[in-house]
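*Asks:* One-letter residues, chain by chain:
Number of protein chains: 2
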Amino acid sequence: MNRTSSRLLVAALALASAASALAQQAPKPENLIKWRQSAFQVIAWNSGRIKASLDGGYDKDQVLRSANAIAAIANSGLGSLFPAGTETGKGWHDTTVKADAFTDTPKFAEHGGDFARASSELVRLVSSGGDATAVKDQFAKLQKTCKSCHDDFRNAN
Amino acid sequence: MNRTSSRLLVAALALASAASALAQQAPKPENLIKWRQSAFQVIAWNSGRIKASLDGGYDKDQVLRSANAIAAIANSGLGSLFPAGTETGKGWHDTTVKADAFTDTPKFAEHGGDFARASSELVRLVSSGGDATAVKDQFAKLQKTCKSCHDDFRNAN
Chain U
3 MNRTSSRLLV AALALASAAS ALAQQAPKPE NLIKWRQSAF QVIAWNSGRI
53 KASLDGGYDK DQVLRSANAI AAIANSGLGS LFPAGTETGK GWHDTTVKAD
103 AFTDTPKFAE HGGDFARASS ELVRLVSSGG DATAVKDQFA KLQKTCKSCH
153 DDFRNAN
Chain Y
3 MNRTSSRLLV AALALASAAS ALAQQAPKPE NLIKWRQSAF QVIAWNSGRI
53 KASLDGGYDK DQVLRSANAI AAIANSGLGS LFPAGTETGK GWHDTTVKAD
103 AFTDTPKFAE HGGDFARASS ELVRLVSSGG DATAVKDQFA KLQKTCKSCH
153 DDFRNAN
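Residue numbers (my numbering), protein chains in the order written: chain U, 3 to 159; chain Y, 3 to 159.
Just chain U, same shape as in the assembly (with noise of 0.2 Å):
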C-alpha cells in the first residue's frame, strides 16, 4: 500500500468511526416519541397536584415544586423531540401529533415558547408569595397554553 492509499484509508476509517458514533448517539424515533409522550405524563402529573391544592387548601410549597417541574421541562428544549422522521411512530403508544407540527414549525415554535413563558411566570408568582387567586389565574392561563398547542397540533385519541 503506497502512502496516499494508506492515508486514504486511515481518513476512511476516522469518517466512519465518527459516522458510527454520530449513529450510536442519534436517539431513535421511538426513543423520542416515548420521551414526549412521557414529559406530557409527568406535566399531567404536576398540573394535577398543582389543580388539587388550589380546589384544596393552597400549599405554596407543593405547588412550588410543581411549577418548578412543569417549567423546568417546559424549558428543556421538548421541541428537540419532534424531529423531522417522527411524524408517525409508536413510543408508548402510537403518536398523535399531527403533521402540521411538523410543517407549520413556526407556529409550533410559538406555542412551545408560550407554554415556556406561562410556566416561568408560575414559578416567579408562586415563588415571590403570589396569594391563591393570584396563582390560580396564573395556573388558568398555563393551562390555556396547553389546550391551545393540543387543540392545533395533537389529534384526539
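For the record, the hints were derived by calculation from the structure and aren't laboratory data.
Any given hint might turn out to be false.
No distinction is drawn between identical chains; accordingly, a pair holds when it is met within one copy or between any pair of copies.
What the hints assert, rightly or not - DSS-like mimics (lysine-lysine), calculated; alpha carbons at most 25 Å apart, straight line:
id, residue 1, residue 2
1, K53, K30
2, K30, K149
3, K100, K146
4, K138, K100
5, K100, K62
6, K109, K53
7, K53, K100
8, K143, K30
9, K149, K92
10, K100, K30
11, K92, K138
12, K62, K92
13, K62, K138
Quantities reported herein were computed from a predicted structural model and do not represent experimental measurements.
Since the structure of chain U is provided, determine the placement of chain Y on it from the hints.
*Replies:* Here is chain Y on its own, set in the frame of chain U:
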C-alpha cells in the same frame, strides 16, 4: 325531623361529600405507576443529552436545561408516586419496583434525598460556570445515586 337529627344529617352529607371529593382526587395506582415510569424516562432523556454534550463539545446551556429538568423532577416529591398499594401493577408496563421499597422506607427516602441533592448540586455547578471536568465529575456522582437506588430497589427487567 327534629333540629338535632337535621343537623346530624347535614353533617353526614358534608362528610360524605368531602370523602367523595378526596376519592376523586386520589390518583389510581395505574396512573401513579405510569407517572413514575414517565419521570424515569424524562430523567433518562436528559441524562443522555448531558452525556452526549460532555462526550462531545461541552454545551453549557443545553446541560443546564437538562440538569434543571432532572433536578426539578428529583425535588418534586417523587416518593409520593410510591404509596402502599402500588407494590405491583402496570403503568406503561409492569412495575419493576422491589417490595423492599415499601418496607425499608427510610433507606428508600435516603436514596431519594441523595438523588435530589446530587442533581441540585449539578445545576449549581453548571450555572456558576464550573468547567467541563468538574461538571463531568458531578454528573458521575449523580449517576451513582441513580445506580445505587436501582441496585437496591429495582428488579432487572
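*Asks:* Now, for every hint given, state plainly whether the structure supports it.
*Replies:* Checked hints:
For the identical chains of this complex, K53 and K30 are inter-copy neighbours only, at 16 Å across copies versus 35 Å inside a copy, given an alpha-carbon limit of 25 Å. Within a single copy, K30 and K149 get their C-alpha atoms only as close as 28 Å, which misses the 25 Å cut-off; across copies the closest is 24 Å, which meets it. Proximity of K100 to K146 under the C-alpha cut-off of 25 Å is restricted to the intra-copy arrangement: shortest distance 19 Å within a copy versus 39 Å between copies. Proximity of K138 and K100 under a CA criterion of 25 Å is satisfied in neither setting, with 30 Å inside one chain copy and 38 Å between copies.
Neither within a single protomer nor between protomers do K100 and K62 lie at most 25 Å apart by alpha-carbon distance, with minima of 36 Å and 32 Å respectively. For a Cα distance limit of 25 Å, the shortest separation of K109 from K53 qualifies neither inside one copy, at 28 Å, nor across copies, at 31 Å. Taking the shortest Cα distances, K53 and K100 never come within 25 Å of each other, neither inside one copy (28 Å) nor across copies (31 Å). Neither within a single protomer nor between protomers do K143 and K30 lie at most 25 Å apart by alpha-carbon distance, with minima of 34 Å and 27 Å respectively.
In this assembly of identical chains, K149 and K92 lie within 25 Å of each other by CA distance solely inside one copy; the values are 23 Å within and 28 Å between copies. Within a single copy, K100 and K30 get their C-alpha atoms as close as 19 Å, which meets the 25 Å cut-off; across copies the closest is 29 Å, which misses it. In this assembly of identical chains, the alpha carbons of K92 and K138 never lie at most 25 Å apart, being 35 Å within a copy and 33 Å across copies at closest. Within a single copy, K62 and K92 get their C-alpha atoms no closer than 38 Å, and across copies no closer than 32 Å, so neither meets the 25 Å cut-off.
When the C-alpha separation of K62 and K138 is checked against a cutoff of 25 Å, the pair qualifies only within one copy, where the shortest distance is 12 Å, while the shortest distance between copies is 34 Å.
In the structure shown, a violation is registered for the earlier hints numbered 4, 5, 6, 7, 8, 11 and 12, in ascending order.
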